[in-house]
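**Student:** Here are the chains, one letter per residue:
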Amino acid sequence: MFALEVAAPAVGLQILWVILIAVLWIGYLVLEGFDYGVAMLIPFLGKNDKEKRVMVNTIGPVWDGNEVWLLTAGGATFAAFPAWYATLFSGAYLPLFLILVGLIIRGVSFEYRSKHPETKWRNTFDWMAAIGSFIVPLVFGIAFANFIMGLPVALATGDMNTPVLLQPAAEHLFVLTPAPYFLQLFINGYGFGVLGGIVLVVAFLFHGAIYLTLKTRPGELHDRARKFAQTIGLVAIVGGAVYLIWQNLMFPAEAALTEAALGVNLAPALQLAGWIMTVVAAVALIAAWWFVGHGREGIAFISTSVAILSVAVITFLTMVPGLGFVDAAGDRTTAPLNLLNASSSQTTLVLMTIVAVIFVPIVLAYTAWSYWVFRQRLGVENMPDEVALAS
Amino acid sequence: MSAETLARWQFGITTVYHFLFVPITIALSMLVAVLQTLWYRSGEEKFLRLTKFFGKVFLINFAMGVVTGIVQEFQFGLNWSEYSRFVGDIFGAPLAMEALLAFFLESVFLGVWVFGWDRLPKKLHLMSIWLGSIGTLLSAIFILAANSFMQNPAGSFYNEATGRAEMTDLLQVLVNPVNLVTFPHVIAGAYVTAGGIIVGISGWWLAKLAKAGDADAETKSAWHWSTRFGAWVLIIAGAAVIITGDLQGKVVTAEQPIKMAAAEGLCNTESAAGFSLILVGSSCEGVAEGQSITALTIPGLFSILGSENYDVNAVMYGINNLNEQYTKEGFSNVQLQKDTAGSLVKDVASYNAANADAPFDFAPSIPVSFWTFRTMIALGGLAIIVGIWVLIATNKGKDPKGGSLWTAAMIATPLMALFANSFGWIFAEMGRQPFVVYGVLPTMSANSPGVSAIEVGLTMVLFTVIYGALAVVEVGLQLHFIKQGLPEVTEPVVLTDDDAPVSFAY
Numbered sequence: 010m011f012a013l014e015v016a017a018p019a020v021g022l023q024i025l026w027v028i029l030i031a032v033l034w035i036g037y038l039v040l041e042g043f044d045y046g047v048a049m050l051i052p053f054l055g056k057n058d059k060e061k062r063v064m065v066n067t068i069g070p071v072w073d074g075n076e077v078w079l080l081t082a083g084g085a086t087f088a089a090f091p092a093w094y095a096t097l098f099s100g101a102y103l104p105l106f107l108i109l110v111g112l113i114i115r116g117v118s119f120e121y122r123s124k125h126p127e128t129k130w131r132n133t134f135d136w137m138a139a140i141g142s143f144i145v146p147l148v149f150g151i152a153f154a155n156f157i158m159g160l161p162v163a164l165a166t167g168d169m170n171t172p173v174l175l176q177p178a179a180e181h182l183f184v185l186t187p188a189p190y191f192l193q194l195f196i197n198g199y200g201f202g203v204l205g206g207i208v209l210v211v212a213f214l215f216h217g218a219i220y221l222t223l224k225t226r227p228g229e230l231h232d233r234a235r236k237f238a239q240t241i242g243l244v245a246i247v248g249g250a251v252y253l254i255w256q257n258l259m260f261p262a263e264a265a266l267t268e269a270a271l272g273v274n275l276a277p278a279l280q281l282a283g284w285i286m287t288v289v290a291a292v293a294l295i296a297a298w299w300f301v302g303h304g305r306e307g308i309a310f311i312s313t314s315v316a317i318l319s320v321a322v323i324t325f326l327t328m329v330p331g332l333g334f335v336d337a338a339g340d341r342t343t344a345p346l347n348l349l350n351a352s353s354s355q356t357t358l359v360l361m362t363i364v365a366v367i368f369v370p371i372v373l374a375y376t377a378w379s380y381w382v383f384r385q386r387l388g389v390e391n392m393p394d395e396v397a398l399a400s
Numbered sequence: 020m021s022a023e024t025l026a027r028w029q030f031g032i033t034t035v036y037h038f039l040f041v042p043i044t045i046a047l048s049m050l051v052a053v054l055q056t057l058w059y060r061s062g063e064e065k066f067l068r069l070t071k072f073f074g075k076v077f078l079i080n081f082a083m084g085v086v087t088g089i090v091q092e093f094q095f096g097l098n099w100s101e102y103s104r105f106v107g108d109i110f111g112a113p114l115a116m117e118a119l120l121a122f123f124l125e126s127v128f129l130g131v132w133v134f135g136w137d138r139l140p141k142k143l144h145l146m147s148i149w150l151g152s153i154g155t156l157l158s159a160i161f162i163l164a165a166n167s168f169m170q171n172p173a174g175s176f177y178n179e180a181t182g183r184a185e186m187t188d189l190l191q192v193l194v195n196p197v198n199l200v201t202f203p204h205v206i207a208g209a210y211v212t213a214g215g216i217i218v219g220i221s222g223w224w225l226a227k228l229a230k231a232g233d234a235d236a237e238t239k240s241a242w243h244w245s246t247r248f249g250a251w252v253l254i255i256a257g258a259a260v261i262i263t264g265d266l267q268g269k270v271v272t273a274e275q276p277i278k279m280a281a282a283e284g285l286c287n288t289e290s291a292a293g294f295s296l297i298l299v300g301s302s303c304e305g306v307a308e309g310q311s312i313t314a315l316t317i318p319g320l321f322s323i324l325g326s327e328n329y330d331v332n333a334v335m336y337g338i339n340n341l342n343e344q345y346t347k348e349g350f351s352n353v354q355l356q357k358d359t360a361g362s363l364v365k366d367v368a369s370y371n372a373a374n375a376d377a378p379f380d381f382a383p384s385i386p387v388s389f390w391t392f393r394t395m396i397a398l399g400g401l402a403i404i405v406g407i408w409v410l411i412a413t414n415k416g417k418d419p420k421g422g423s424l425w426t427a428a429m430i431a432t433p434l435m436a437l438f439a440n441s442f443g444w445i446f447a448e449m450g451r452q453p454f455v456v457y458g459v460l461p462t463m464s465a466n467s468p469g470v471s472a473i474e475v476g477l478t479m480v481l482f483t484v485i486y487g488a489l490a491v492v493e494v495g496l497q498l499h500f501i502k503q504g505l506p507e508v509t510e511p512v513v514l515t516d517d518d519a520p521v522s523f524a525y
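Chains A and B are the protein sequences, given in the same order. Oh and the first sequence: position 57 is 66 in the numbering used here, straight run, nothing missing. Oh and the second sequence: position 296 is 315 in the numbering used here, straight run, nothing missing.
Accuracy of the hints is not assured; some may be wrong.
[What the hints assert, rightly or not] Derived SDA-like pairs (lysine to any residue); straight-line CA-CA distance at most 20 Å:
#1 K129(A) x V494(B)
#2 K236(A) x R386(A)
#3 K502(B) x W130(A)
#4 K129(A) x E237(B)
#5 K502(B) x E237(B)
Everything labelled a hint here was simulated from the structure, so no lab data went into it.
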């Protein structure tokens with residue numbers, strides 16, 4: 010019954026799926042972005058245990074759901090573009106390992122910090138949450154900046170592995186070159202990658218501080234979060250502007266690449282979109298900074314969300330023709346992998362499209378409901394003295 | 020060691036570790052939902068106290084299951100990129116569906132449940148634990164479908180043009196005959212584990228309070244109730260494990276005969292093949308017909324268990340015969356195996372030409388298969404026996420007499436149940452070797468060609484160190500809360516006053 014034979018235009022579903030993956034990434038960056046920001050700030054903005062607990066509890070009910078956006082983006086990439094998933098995950102081996110470590114130590118920290126009353130225990134987990142929440146956006150920022158520059162790949166060759174059975178890898182699997190590709194992530198493009206990492210961390214600090222002002226009741230913690238947001242906001246505006254202008258000038262969409270990958274020269278349109286999104290991001294960041302200073306936290310939060318979204322859009326538009334990869338020589342005008350040769354079969358794409366069309370709206374609906382359930386602002390007066398003795 | 024060997028170790032370590040938390044999460048979430056439902060229906064305080072207590076045991080494990088689960092989804096691409104590319108068209112779909120249908124459900128609703136005691140009306144709050152728990156069950160369906168594909172790659176074919184396996188039918192992937200028996204077996208095993216945990220903690224507390232004599236009667240009665248509840252769960256789930264295990268044995272014998280032959284140490288094809296208690300050799304090489312590498316054999320039992328109609332004279336294939344057959348013909352159970360049989364045979368021939376002294380062995384490690392299979396059965400069986408003992412000892416409101424054997428049994432039961440799961444999986448996955456996709460893609464061809472042994476080894480060591488440290492923390496916390504015992508509770512009410520402290524916060 011599920012063996013559908015649908016003659017859809019080949020590139021149509023691939024484009025749909027890359028858009029869906031981008032949407033999942035945007036959901037992840039916008040939602041988990043603020044909980045990274047809040048967690049990074051726990052040791053700095055919380056002056057006593059109750060304040061720290063307020064901070065943890067503003068994200069407590071939602072952080073795990075936010076992280077699923079990342080898992081779903083990973084799963085969707087695997088299902089829709091197996092060759093992209095295979096090359097990307099194995100190529101970015103050490104960076105992804107660092108991300109996993111960050112996700113592990115922050116994830117347990119939220120659950121475990123309050124399970125024991127000792128100050129040392131709690132401080133340890135607060136720092137683990139902060140460090141984990143710092144590592145993840147830092148590495149993702151570096152990675153995305155490198156996708157924009159293009160990671161060089163070549164076909165796996167026989168001598169990379171002992172010659173073994175049934176090895177179609179040599180004909181089909183692309184690997185980053187030269188391997189291990191690690192230091193290059195930091196130094197290529199005169200440190201554009203490192204700037205990307207710093208900008209993402211700063212953006213999440215800004216986003217998280219604004220979220221704190223939105224979710225805390227008037228009081229010292231609230232004021233501190235607002236003050237911090239006003240300061241880090243300026244850094245985000247300047248850093249973001251430098252990063253985006255650098256990107257637009259130095260790493261624009263390439264005509265030859267879009268033509269080869271998509272059949273049309275979309276480069277002028279993509280470049281224009283890049284500048285438009287840059288302006289949108291800049292306006293949104295400035296608006297967020299102004300609104301949070303004037304006590305309009307809701308609009309400020311929407312503004313940082315729009316800024317994150319627009320940067321994600323530019324990033325995906327730039328990397329989509331070659332999926333973030335370029336040829337082995339690092340020539341940005343040619344890319345061996347593209348939407349078509351990296352994608353799953355039509356059968357799988359059709360099935361996954363049906364699943365996504367049905368379930369994405371359902372997920373959005375109950376996620377929104379859960380945010381509504383926990384809409385109340387929290388303050389130190391809301392923290393019970395007894396800590397987490399009941400589940 | 021080669022990158023491939025290290026990658027296998029890394030997968031083994033991280034997966035066995037992850038699966039310590041999975042069965043607890045799956046079954047305990049549902050049992051906590053049952054406890055909360057009993058409280059919702061009856062209003063009896065003891066059910067609320069038990070809900071909160073076992074809810075916490077569940078959450079401590081859930082946190083670990085979540086963070087170690089992320090590694091699982093990523094490491095296919097990290098360490099097994101050729102595998103990911105080769106089967107992503109089929110294997111990626113259940114993984115994506117697991118995230119979209121299951122992970123969101125469990126994460127969002129468990130978040131709502133944990134923090135929602137005084138935010139939601141009782142009924143909606145109860146619904147949230149049920150939905151979260153259903154999420155864990157859905158997750159099992161999809162990931163076991165993915166695993167079953169590796170054991171028996173149904174619903175797919177080989178596409179010459181793309182050089183990879185592609186999906187023909189999602190339904191066949193989901194209702195793979197292997198999945199149809201694996202799913203109930205794994206779920207039943209999860210309930211044996213959760214039942215064992217409830218029995219262990221409750222039985223330990225019950226004996227302790229009974230001995231103290233002056234214990235608060237309500238607390239003691241709550242532990243008495245949960246001791247029997249856990250024992251019933253353990254026994255019923257244990258019966259389900261045995262029935263589904265028997266069915267699974269038959270399916271595996273049909274789909275992967277050489278795996279069962281290794282588990283029974285059967286070198287040469289026999290009718291009325293026996294089930295042995297002891298393995299005396301480690302390889303079938305040079306073991307001629309009439310010879311055996313096992314001892315203490317119950318005649319005919321393997322044939323009875325392995326055949327569909329419990330036929331004592333059924334023919335069971337031996338490792339040597341199967342090796343010969345696969346070397347000549349390859350595999351032919353499902354389309355994908357048929358499509359790749361020709362090139363497998365050709366590759367094996369050239370491999371054997373190059374490695375004349377150690378030809379390609381289609382059998383998994385015999386000692387590993389033999390002993391993990393028996394350890395699983397023994398541990399699970401012992402746990403079930405403890406369950407029966409507990410039921411008898413607590414019958415008609417009796418308190419158990421306690422003593423060191425009782426204490427040892429209460430500590431051992433959850434662990435035996437848990438490790439029975441681990442050994443079952445080690446058997447299932449090691450028994451699939453030397454293939455990652457059974458009969459199609461050898462494991463040695465599937466790892467990431469661009470990733471060096473140094474990288475795999477380094478991350479393996481670091482994962483192990485981090486996981487080890489987390490284990491210390493999680494066991495410590497677990498013991499801390501077990502020693503605290505049942506919490507005092509107050510009836511949760513929905514907060515209307517924004518200034519009031521919430522009843523639960525981290």
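**Student:** Evaluate each hint against the coordinates.
**Tutor:** Here is what the structure says about each hint:
1. K129(A) x V494(B): Holds, at about 18 Å.
2. K236(A) x R386(A): holds, 18 Å
3. K502(B) x W130(A): holds, 19 Å
4. K129(A) x E237(B): The given pair, whose Cα atoms are some 36 Å apart, is violated under the 20 Å limit.
5. K502(B) x E237(B): holds, 18 Å
Hint compliance for this structure: hint 4 is the single one not met.
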